[in-house]
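Asks: These are the residues of each chain, in order.
Number of protein chains: 2
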Amino acid sequence: MRTMIKNIKLGEVNEVAGFVENIRNKKTMCFIVLKDQSSKLQLTIEKEKHPDLIDTLDKITIDSVISAKGLIMESEYVKLNGMEMYPDEIKIESVAEPSPIVAPKGEETNIDLRLDYRWIDLRTDKNLLMFKVQSYFINKAREFLNERDFIEIHTPKLIGAESESGAGVFKVDYFDRNAYLAQSPQFYKQMAMAAGFERIYESGPVFRAEKFASRKHATEFTGFDLEFSYIKSYKDVMKMEEEMLEYALRKTSEKYKDEIKKVYDIDLVVPTLPFPVMDLHDVYDELEKRYGYKVSESEKGDLTTEGERLVAKLSKDMFNHEFLFITGYSKENRAFYHMRDEKGVPCGYDLIWKGCEITTGAQREHRYEILKAQAKEKGLDEDVKFYLDFFKYGCPPHGGFGIGVDRITMLIFNEGIKDSMFLFRGPDRLNP
Amino acid sequence: MRTMIKNIKLGEVNEVAGFVENIRNKKTMCFIVLKDQSSKLQLTIEKEKHPDLIDTLDKITIDSVISAKGLIMESEYVKLNGMEMYPDEIKIESVAEPSPIVAPKGEETNIDLRLDYRWIDLRTDKNLLMFKVQSYFINKAREFLNERDFIEIHTPKLIGAESESGAGVFKVDYFDRNAYLAQSPQFYKQMAMAAGFERIYESGPVFRAEKFASRKHATEFTGFDLEFSYIKSYKDVMKMEEEMLEYALRKTSEKYKDEIKKVYDIDLVVPTLPFPVMDLHDVYDELEKRYGYKVSESEKGDLTTEGERLVAKLSKDMFNHEFLFITGYSKENRAFYHMRDEKGVPCGYDLIWKGCEITTGAQREHRYEILKAQAKEKGLDEDVKFYLDFFKYGCPPHGGFGIGVDRITMLIFNEGIKDSMFLFRGPDRLNP
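Chains as they are written, first to last, in this note's numbering: chain Y, 22 to 453; chain V, 22 to 453.
Treat each hint with caution, since some may be false.
If chains are identical, the list can't say which one is meant, so a pair holds when it fits in one copy or spans any two.
Think about it this way: if two alpha-carbon atoms lie no more than 25 Å apart in a straight line, the pair counts; the simulated DMTMM-like pairs of lysine to aspartate or glutamate are [to be verified]: (1) Lys48 x Asp109; (2) Lys397 x Glu33; (3) Lys147 x Asp170; (4) Lys30 x Asp257; (5) Lys100 x Asp73; (6) Lys253 x Glu110; (7) Lys232 x Asp194; (8) Lys310 x Asp449; (9) Lys90 x Asp137; (10) Lys364 x Asp170; (11) Lys276 x Asp286; (12) Lys232 x Asp197.
In short, the hints are calculated from the structure, not lab data.
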């Protein structure tokens, strides 16, 4: 049986397997750095003692996959966990051709070439760690929700009608008619509320048929969405979100803080509770007062791109916090299904992390007549008829939010979106 | 703050909220059965003591959503957990129109009408329990894998080329070209192996553009797929699968066995380890010997539909087991990427549960030249060129399997596929 490198034992004969990260094949000695998902190990071969291995060693290239069996010894010369292996057996599982994405010394391989060969690009320590952390973070968020009686559901991505207007939607040839790809699970999350599933979440792909020029967008990404019933206010939604994020970041920090520091030189900060909250108008007042950033009155119902960026600094300066909840967006800038207060202000918020919007959350309008009127006001009442029906036969008050898994990943590691997805999809990118 | 019914306390004033399952509004008394995600509670109102509530009570219809606040009292007449509430306050959150899917007494509503109003259909005790169990089962499977160093990944569903031949694929208008919807994450799971992600899993939608007439199929369903490296044989894959299923079923049984028995009258059986294994040829021999089921020699490379059904009985009779691994399928009936042994027999298996195939698993061919030849043999080498490239630059030996979340659900509860999905999708069904 093969042992992961993190589990090898000094003084024992172990079998290990992995990619050859480096090989120095000298006249009398051969040194191989072997890398698996868990760690790295040096293999040291004295050729005089192992003439039987020489042919094999000559075939091994960088990135080849080998397995090796031998005694694990202490080594003061080897930095890798102070141990090395003296293999008696080496087997080549797969010989690698030279990597097509190695840049000349001092240069960086451009992102498009790296994405063409993403599976090779993903082999770096940074990328492996990134996806370990992403996986852990999401599972900890699920754990938080499971403990609070949330149910995970799987809603259809193939839908019969173009749903939420605004964002572009992909059309699918569906036998003798058209289907569309869901831009979010929003309507079906709310259907679950009408079904008496009080607390649900879903993680799954969402699709946006939009050409864009931003480091934040993709045509397909992973959404993590939740919705829950019997809230009294959108403040209950904010509370659920901040507690979930604090929990998932705290657990992630406990396990990966040191490794993130070592590999990325980034300090993962566990946010304090509660997160600071500001009204959008106060945000603009402070941005002007503190940093001289001014926008026209007509722009003040939404957060501008530059305003969003500046919020990173604002939240740091005012609250010493990486996060900021912003409330008080104008109804023109919010979806028709957001509940509004008696003044017509949407009962919802955006959450900004490090100057990047990661969430829109809200209490939803669950009263059929009001919801229908709000849809009509946006010219949508016919398009969303099937959705309005969810509210005719009894529906609890409810609210929820969605976060982008890839965007969270991007912000933890300060990387662009293309580098933060297992496999990026954009208008010009469908491969591999 | 509202309390879930399962958490109410005798002698305390609690606030509860839920759907009205039943209401008997008499001259002097009113009885309401209130249902939330956790349980049910009777509300008892003596009208003489609460004239202020009479108007509200008169507006309440079945399926309306209300909240109520009052003292929790013991009750020997009420079967629901021996408690009832005497509300002082009742608030209507949402009035329900009469349900459009109530069948005349003694009749059953047909499935298509129920699916048209799936959110009402989902309100039954059976359906709520089904999705609680599904959610719990999948999270326990994830837990099993997380403890074994698996990483969860999210692979793209929009792909540039029609991938695995055979099953039908949906075409998507993708800006000025076509994209296709992934029929499985197979190729990208393997890409992760080439990336040195040794152990990965994914749960997400898969799409099949097929017209069918079976109680097992849908055009979109939820796949749970995993893949892992450095296996010695497909037997390592079988072992991982049986241990994962045993763990998830055992944990699910511990939490939900009694409730499943009560609501469905079904005994959830935790399978013993290891699962029985038979070669396909031996299966046919036994089916003939025991039950007189005979097929022609040319059919013996695959399991017939009737054979699959009979395997439920065979596995019970021979091994007293609900599961059976079957090996020894012919290469004509397996995908080109399955590794083959020295005799040309694919190194893989199907897993049959209760007479229904839930998994195809295998060791994959990771050696570029052999894989390419096997693709060519099936006439696929040009179509899968992008996939073959994954194996050129070093790739560990690996294998994996996929299970259908909806099929597992269907088999736990002995329901059809349309009743086992949150929202079924078929060639004629894209709504709601």
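Asks: Take the hints in turn and mark each one as holding or not.
Replies: Now the hints, each set against the structure:
1. In this homomeric assembly, Lys48 and Asp109 come within 25 Å of each other (Cα to Cα) only inside a single copy, at 18 Å, whereas the closest approach across copies is 91 Å.
2. Proximity of Lys397 to Glu33 under the C-alpha cut-off of 25 Å is found in neither arrangement, the shortest distances being 73 Å within a copy and 45 Å between copies.
3. For the homomeric pair Lys147 and Asp170, the shortest alpha-carbon distance between copies (17 Å) is at most 25 Å, but the shortest distance inside one copy (35 Å) is not.
4. Taking the shortest alpha-carbon separations for Lys30 and Asp257, only the inter-copy value of 23 Å comes in at or below 25 Å, while the best intra-copy value is 50 Å.
5. When the C-alpha separation of Lys100 and Asp73 is checked against a cutoff of 25 Å, the pair qualifies neither within a copy, at 28 Å, nor between copies, at 79 Å.
6. In this assembly of identical chains, Lys253 and Glu110 lie within 25 Å of each other by CA distance solely across copies; the values are 16 Å between and 67 Å within a copy.
7. Taking CA atoms no more than 25 Å apart as the test, Lys232 paired with Asp194 passes in both settings, with 21 Å inside one copy and 14 Å between copies.
8. Taking the shortest Cα distances, Lys310 and Asp449 never come within 25 Å of each other, neither inside one copy (42 Å) nor across copies (59 Å).
9. Proximity of Lys90 and Asp137 under a CA criterion of 25 Å is satisfied in neither setting, with 35 Å inside one chain copy and 61 Å between copies.
10. Proximity of Lys364 and Asp170 under a CA criterion of 25 Å is satisfied in neither setting, with 34 Å inside one chain copy and 52 Å between copies.
11. Taking the shortest Cα distances, Lys276 and Asp286 sit within 25 Å of each other inside one copy (16 Å), while across copies they are farther apart (43 Å).
12. When the C-alpha separation of Lys232 and Asp197 is checked against a cutoff of 25 Å, the pair qualifies only between copies, where the shortest distance is 12 Å, while the shortest distance within a copy is 28 Å.
The structure shown violates the earlier hints numbered 2, 5, 8, 9 and 10.
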